[in-house]
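Trainee: The lines below spell out each chain.
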Amino acid sequence: MKLLLLLISAAPLALAAPAGAQSMQNMPGMNMPASQPAAKRKPAAKPASRAKRTTAERPAARPAPAKRRAPAAKPKPAAHDMSGMGDMPGMDMPASKTPSAADAHAGHDMSSMPGMAMPESAGGAMDHTMPGMNMPAGTNGQPMEHDMSSMPGMMMDGQMAGHGAGGTSLAPGNAPAPSPPSDHYADRIYQNGAMADSRSMLHNEHGGSTSSMILFNLAEYQVRNGRDGYRWDGEAWFGKDLDRLTIKTEGEGVLAGRNGIFMETAEVQALYSRALDPYWNVQAGVRYDFKPNPSRTYATIGIEGVAPYWFETEAAVFLSNKGEVLGRIEGYYDQRITQRLILQPRVELNFSAQDVPETRIGAGISNAEFGLRLRYEVRREFAPYIGVSYDRQLGKTADYARADGEGVKATSFVIGVRTWF
Amino acid sequence: MPPVLNRRDLFRGAALTGGGLALSAWMPAWAQPVSAGIVRPLPIVTGNDITLKIAHQMMMIDGRASHAIGINGTVPAPLIRLRQGQTARLSVINDLDEDSSIHWHGLLVPFQFDGVPGISFPGIKPKSTFVYEFPIVQAGTYWYHSHSGLQEQMGHYGPIVIDPEGEDPIRSDREHVVVLSDHSQMHPHAIFRKLKQVGGGYFNYQRQTLAGLLAKKDQPLKERLDWGNMRMDPTDVSDVTGSTYTYLVNGHGPQDNWTALFRPGERVRLRFVNASAMTTFNVRIPGLKLTVVQADGLNVRPVEVDEFQIAVAETYDVIVTPTDDRAYTLVGESVDRSGMARATLAPREGMAAEVPALRKRPLANMKDMGMGDMDMGGMQGMDHSAMGHDMSASGAAAGGMAGMNMESGASMPAMDKPADGSMANMPGMGAPAGDAMGGMAMGGMGGMNMRDASKAPQVKMGPGVQTISPMPMDRTGEPGQGLEDAGHRVLVYRDLMAVDRNPDVRAPDRAMEIHLTGNMERYMWSFDGVKLSDKREPIPFLENERVRVTLVNDTMMSHPIHLHGHFFELVTGHGEYSPRKHTVNVAPGGKVSFDVTANAIGDWAFHCHMLYHMHAGMMRVVSVRPRGEAA
Numbered sequence: 000m001k002l003l004l005l006l007i008s009a010a011p012l013a014l015a016a017p018a019g020a021q022s023m024q025n026m027p028g029m030n031m032p033a034s035q036p037a038a039k040r041k042p043a044a045k046p047a048s049r050a051k052r053t054t055a056e057r058p059a060a061r062p063a064p065a066k067r068r069a070p071a072a073k074p075k076p077a078a079h080d081m082s083g084m085g086d087m088p089g090m091d092m093p094a095s096k097t098p099s100a101a102d103a104h105a106g107h108d109m110s111s112m113p114g115m116a117m118p119e120s121a122g123g124a125m126d127h128t129m130p131g132m133n134m135p136a137g138t139n140g141q142p143m144e145h146d147m148s149s150m151p152g153m154m155m156d157g158q159m160a161g162h163g164a165g166g167t168s169l170a171p172g173n174a175p176a177p178s179p180p181s182d183h184y185a186d187r188i189y190q191n192g193a194m195a196d197s198r199s200m201l202h203n204e205h206g207g208s209t210s211s212m213i214l215f216n217l218a219e220y221q222v223r224n225g226r227d228g229y230r231w232d233g234e235a236w237f238g239k240d241l242d243r244l245t246i247k248t249e250g251e252g253v254l255a256g257r258n259g260i261f262m263e264t265a266e267v268q269a270l271y272s273r274a275l276d277p278y279w280n281v282q283a284g285v286r287y288d289f290k291p292n293p294s295r296t297y298a299t300i301g302i303e304g305v306a307p308y309w310f311e312t313e314a315a316v317f318l319s320n321k322g323e324v325l326g327r328i329e330g331y332y333d334q335r336i337t338q339r340l341i342l343q344p345r346v347e348l349n350f351s352a353q354d355v356p357e358t359r360i361g362a363g364i365s366n367a368e369f370g371l372r373l374r375y376e377v378r379r380e381f382a383p384y385i386g387v388s389y390d391r392q393l394g395k396t397a398d399y400a401r402a403d404g405e406g407v408k409a410t411s412f413v414i415g416v417r418t419w420f
Numbered sequence: 000m001p002p003v004l005n006r007r008d009l010f011r012g013a014a015l016t017g018g019g020l021a022l023s024a025w026m027p028a029w030a031q032p033v034s035a036g037i038v039r040p041l042p043i044v045t046g047n048d049i050t051l052k053i054a055h056q057m058m059m060i061d062g063r064a065s066h067a068i069g070i071n072g073t074v075p076a077p078l079i080r081l082r083q084g085q086t087a088r089l090s091v092i093n094d095l096d097e098d099s100s101i102h103w104h105g106l107l108v109p110f111q112f113d114g115v116p117g118i119s120f121p122g123i124k125p126k127s128t129f130v131y132e133f134p135i136v137q138a139g140t141y142w143y144h145s146h147s148g149l150q151e152q153m154g155h156y157g158p159i160v161i162d163p164e165g166e167d168p169i170r171s172d173r174e175h176v177v178v179l180s181d182h183s184q185m186h187p188h189a190i191f192r193k194l195k196q197v198g199g200g201y202f203n204y205q206r207q208t209l210a211g212l213l214a215k216k217d218q219p220l221k222e223r224l225d226w227g228n229m230r231m232d233p234t235d236v237s238d239v240t241g242s243t244y245t246y247l248v249n250g251h252g253p254q255d256n257w258t259a260l261f262r263p264g265e266r267v268r269l270r271f272v273n274a275s276a277m278t279t280f281n282v283r284i285p286g287l288k289l290t291v292v293q294a295d296g297l298n299v300r301p302v303e304v305d306e307f308q309i310a311v312a313e314t315y316d317v318i319v320t321p322t323d324d325r326a327y328t329l330v331g332e333s334v335d336r337s338g339m340a341r342a343t344l345a346p347r348e349g350m351a352a353e354v355p356a357l358r359k360r361p362l363a364n365m366k367d368m369g370m371g372d373m374d375m376g377g378m379q380g381m382d383h384s385a386m387g388h389d390m391s392a393s394g395a396a397a398g399g400m401a402g403m404n405m406e407s408g409a410s411m412p413a414m415d416k417p418a419d420g421s422m423a424n425m426p427g428m429g430a431p432a433g434d435a436m437g438g439m440a441m442g443g444m445g446g447m448n449m450r451d452a453s454k455a456p457q458v459k460m461g462p463g464v465q466t467i468s469p470m471p472m473d474r475t476g477e478p479g480q481g482l483e484d485a486g487h488r489v490l491v492y493r494d495l496m497a498v499d500r501n502p503d504v505r506a507p508d509r510a511m512e513i514h515l516t517g518n519m520e521r522y523m524w525s526f527d528g529v530k531l532s533d534k535r536e537p538i539p540f541l542e543n544e545r546v547r548v549t550l551v552n553d554t555m556m557s558h559p560i561h562l563h564g565h566f567f568e569l570v571t572g573h574g575e576y577s578p579r580k581h582t583v584n585v586a587p588g589g590k591v592s593f594d595v596t597a598n599a600i601g602d603w604a605f606h607c608h609m610l611y612h613m614h615a616g617m618m619r620v621v622s623v624r625p626r627g628e629a630a
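Going down the list, the sequences are from chains A and B.
Anchor point for the first sequence: position 302 equals 301 in numbering that gives the first Met the number 0, and the numbering is continuous, going up by one each time.
Anchor point for the second sequence: position 296 equals 295 in numbering that gives the first Met the number 0, and the numbering is continuous, going up by one each time.
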């Protein structure tokens with residue numbers, strides 16, 4: 000019985016094919032049985048296209064108003080056998096249910112069939128497009144009843160008795176749109192500028208607000224052989240949706256024996272940030288290095304944003320007051336292990352266009368840092384982490400370091416807090 | 000035999016089911032009942048002269064005190080009960096230290112009393128009084144709320160019931176007003192700030208994880224990568240969730256268990272109002288059929304369902320006929336399943352019924368991204384079997400189908416575009432027969448431009464527009480997001496049909512399209528890529544002009560769109576008996592058409608009723624001007 004009902008309901012789905020069929024025909028992956036003559040689909044297609052022109056005309060293939068039991072075994076054009084769909088969820092109609100409420104309308108309220116409201120069952124024409132749907136030949140003579148009650152789509156028909164042919168069934172005309180007024184109607188009632196304050200508040204409160212954020216992605220203690228260190232990397236912004244003032248800072252140092260805290264590098268950037276597209280900002284401004292000495296000032300331009308696959312990315316070029324050109328690329332990815340436990344792989348590469356013996360930087364990739372940090376978001380804003388960081392100086396920069404008697408690589412265990420507010 | 004549980008049983012049940020949900024950061028309501036049930040209807044104000052005082056107050060939710068803005072000392076604000084045909088005089092005292100306002104949501108009032116500061120009036124200054132006075136020309140269930148700042152989130156909302164002039168055609172033995180809402184201990188400005196700072200992920204504790212992948216939950220790796228490539232998060236269903244919200248029924252939390260009484264056998268009318276700032280609810284009462292008799296204040300032909308989704312700012316009146324002498328749980332599950340509003344229908348005070356566990360949260364699919372119906376294998380069952388549903392519907396619709404501008408004689412929106420609109424040319428569809436659905440869909444996804452400006456010429460492309468739906472579909476025949484597999488009858492928009500013939504059955508004079516646009520990453524929301532703060536000219540209408548407006552959702556979120564001062568007829572195939580609404584929810588990646596007769600002169604607000612979407616800019620002014628007046 001259930002199967003029968005299923006077929007009953009499936010038939011009109013197929014019937015609705017004409018509409019879709021037109022541009023669906025050359026759909027690869029549609030395994031149409033040989034015995035399904037193309038001719039059968041065409042007549043169906045025509046009424047559908049005619050129906051486009053006027054609401055009054057109905058597709059010829061559309062059965063008379065929704066008799067719940069149309070004659071069986073009367074295959075209609077385009078009625079592909081749906082037997083292959085027997086296991087479609089959502090097609091399971093409770094047999095005992097009867098349409099409710101609006102049934103007065105000769106069954107036009109097809110949506111009133113319980114269980115049929117689901118998109119699966121409401122589905123129509125393009126079931127054919129399902130690849131892998133094997134429509135067996137020879138079964139297209141299956142009895143199928145055209146119970147429109149299963150077709151919310153057909154309820155759209157313009158001339159349904161009782162719904163009236165007017166109202167929303169009518170196609171819109173093409174009258175020109177009026178030109179927008181330049182005055183405000185409320186000014187006629189609340190005069191002498193009484194509306195001015197509230198109007199400007201209205202604008203500010205609906206898209207014009209200013210926001211800000213301070214984020215320290217890294218703020219950590221680094222444990223390594225002999226020379227423990229520390230490191231930070233943070234950013235703050237202030238502004239509206241598109242234009243922001245951005246401050247960045249990063250640096251590191253060592254906690255070396257008797258000298259206490261020794262800062263190796265420390266920089267601050269002050270940037271104007273402008274949104275380029277949904278994901279990227281262009282940022283330009285100045286960078287000032289407090290360390291190493293002698294300090295430098297750079298003009299900076301770069302981009303920052305979210306790359307595909309959710310990589311947080313930054314790239315910038317720096318031109319120093321001595322004419323040196325440096326570059327930096329930075330990226331990280333937050334891999335959620337659970338809702339609060341997050342693993343962040345992070346890469347930072349620094350470049351130089353030339354040797355700068357003064358600051359012990361060599362041309363090419365000067366250093367690379369790979370980090371892997373595991374944090375727990377106690378709150379989104381407060382996430383203690385542990386991890387490892389591998390730092391390697393390369394090329395000429397490494398040569399400088401060796402000449403200075405310093406190591407060129409360091410592996411640290413890190414412990415810190417990622418925080419923002 | 001339906002169980003009637005006492006509190007001890009409830010607690011035992013919690014031990015069994017609570018554990019798995021503990022991680023959801025939502026304390027299951029049934030775990031710690033703090034109340035045997037609160038049988039306290041909302042306070043009522045009525046008559047021709049009503050005074051409402053807006054003020055800060057504290058409110059108790061689930062035994063916890065919370066700061067709120069209420070009216071006359073209550074949250075929700077008192078029920079305003081009026082009669083059609085009367086004139087209402089409402090004196091509103093603003094006792095706050097900031098401007099405030101009241102908008103009468105759904106009431107047809109002269110525009111200067113519509114209550115939107117900056118559009119209809121200057122607002123109500125601190126410590127001052129504004130008197131609204133207007134005739135009541137309609138009947139039904141409506142509501143009112145602040146249109147200033149984010150006060151609505153803090154409790155500044157209440158229900159309105161207008162009794163019809165004659166006998167109410169909807170007969171019931173008793174009625175209850177059920178105001179659903181969301182409340183957070185976090186200040187709304189803080190909520191908005193978090194959203195601006197880190198986008199939609201801040202409140203979402205149901206995202207996809209590596210642990211989930213290993214446990215074969217949610218999307219398989221391939222899909223995750225594809226979605227990651229597009230920088231889209233399929234778990235992004237609600238921007239603000241149960242991680243900060245407590246969902247309320249008439250101002251009471253799930254543990255408070257607000258209780259509505261009935262006598263077995265009575266026809267009980269429940270007037271649902273979704274007064275939330277950000278929450279779409281799935282409403283059901285296990286054990287009872289819900290007969291929907293009114294939507295947005297206007298009567299519809301009765302439709303019997305098991306569940307309905309109510310978007311922000313919508314109202315539905317529902318008849319239930321509980322025959323057993325037992326309690327029933329009223330469940331208002333948030334659409335992302337991060338929590339629920341819960342109340343009880345019971346013959347006596349102090350009863351409770353089983354509270355069902357939260358169901359699995361939905362994952363957005365390709366349809367939700369406006370990619371049409373090329374669903375991915377293995378996702379939410381057999382969605383792909385629905386392929387073309389909307390298209391066939393459109394084909395049959397011919398004259399009046401949603402979203403179609405028929406003047407050219409073209410048919411279906413997805414079909415009439417020469418190349419890229421047609422499924423036949425969809426890259427990836429060339430997969431050999433029998434190939435895995437997933438593979439096919441993926442091919443299609445890769446080949447589909449998610450930001451093709453030519454699909455939406457009027458949209459101002461920019462950082463605020465993350466995507467343009469390549470194939471937006473009319474989804475008014477589908478249950479709301481996450482209810483495709485509910486396993487029982489769920490209300491869809493196409494079920495709604497007006498009882499009374501529409502007052503204006505003319506063909507629309509013209510058609511226009513408005514795109515709902517946004518960027519989840521920057522938390523920017525707009526119409527046609529334009530925020531209200533961009534200060535564009537209003538959307539113009541002529542007096543009595545009839546216009547078919549098609550709303551195209553280019554985002555992956557639902558947007559309940561509200562037009563002030565008017566009802567509009569949904570184009571869902573019901574001709575002269577189209578359902579008339581003041582708010583329509585446009586499904587993710589979907590589109591909705593309505594016909595509106597611009598018969599209310601003035602300037603009107605037009606906006607998404609998700610409070611933070613509106614606050615981010617998803618709002619425009621609609622102007623209706625007399626014909627002949629110089630534009």
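The set of hints was computed from the structure by calculation and includes no laboratory data.
Please note that the accuracy of each hint is not assured.
List time: in silico DSBU-like cross-link candidates among lysine-lysine, alpha-carbon distance up to 30 Å [stated by the list, open to error]:
1. A/Lys321 with A/Lys395
2. B/Lys359 with B/Lys215
3. A/Lys239 with B/Lys534
4. B/Lys215 with A/Lys239
5. B/Lys359 with B/Lys216
6. B/Lys359 with B/Lys459
7. A/Lys395 with A/Lys408
8. B/Lys221 with B/Lys52
9. B/Lys52 with A/Lys239
10. B/Lys359 with B/Lys454
11. B/Lys359 with A/Lys239
12. A/Lys321 with A/Lys239
Trainee: The structure should be examined with respect to each hint, and the outcome stated for every one.
Mentor: How the hints compare with the structure:
Distance hint between A/Lys321 and A/Lys395 is fulfilled; the C-alpha atoms sit about 19 Å from each other, no more than 30 Å. Of the supplied pair hints, the one linking B/Lys359 and B/Lys215 holds, its CA atoms being roughly 15 Å apart against a limit of 30 Å. Our distance criterion of 30 Å between C-alpha atoms is met by A/Lys239 and B/Lys534, whose separation comes to about 15 Å. For the hint pairing B/Lys215 with A/Lys239, the CA-to-CA distance comes to about 41 Å; that exceeds 30 Å, so the pair is violated.
With a C-alpha separation of about 11 Å, the suggested pair B/Lys359 and B/Lys216 falls inside the 30 Å cut-off, and the hint holds. Only pairs whose Cα atoms come within 30 Å are accepted, and B/Lys359 paired with B/Lys459 is rejected, the gap being roughly 37 Å. Between A/Lys395 and A/Lys408, the direct Cα distance comes to roughly 14 Å. Compliance with the 30 Å bound is thereby established for this hinted pair. In summary, the hint linking B/Lys221 to B/Lys52 is not supported, as the alpha carbons are separated by about 56 Å, beyond the 30 Å threshold.
Note on B/Lys52 and A/Lys239: the hinted pairing is violated, with a Cα-Cα distance of about 34 Å set against a maximum of 30 Å. Distance restraint check for B/Lys359 and B/Lys454: the Cα-Cα separation of roughly 34 Å exceeds the 30 Å cut-off, and the hinted pair is therefore not satisfied. For the proposed pair B/Lys359 and A/Lys239, the alpha carbon gap of about 37 Å is over 30 Å, so the pair is violated. For the hint pairing A/Lys321 with A/Lys239, the CA-to-CA distance comes to about 35 Å; that exceeds 30 Å, so the pair is violated.
When each numbered hint is compared with the structure, violations occur for hints 4, 6, 8, 9, 10, 11, 12.
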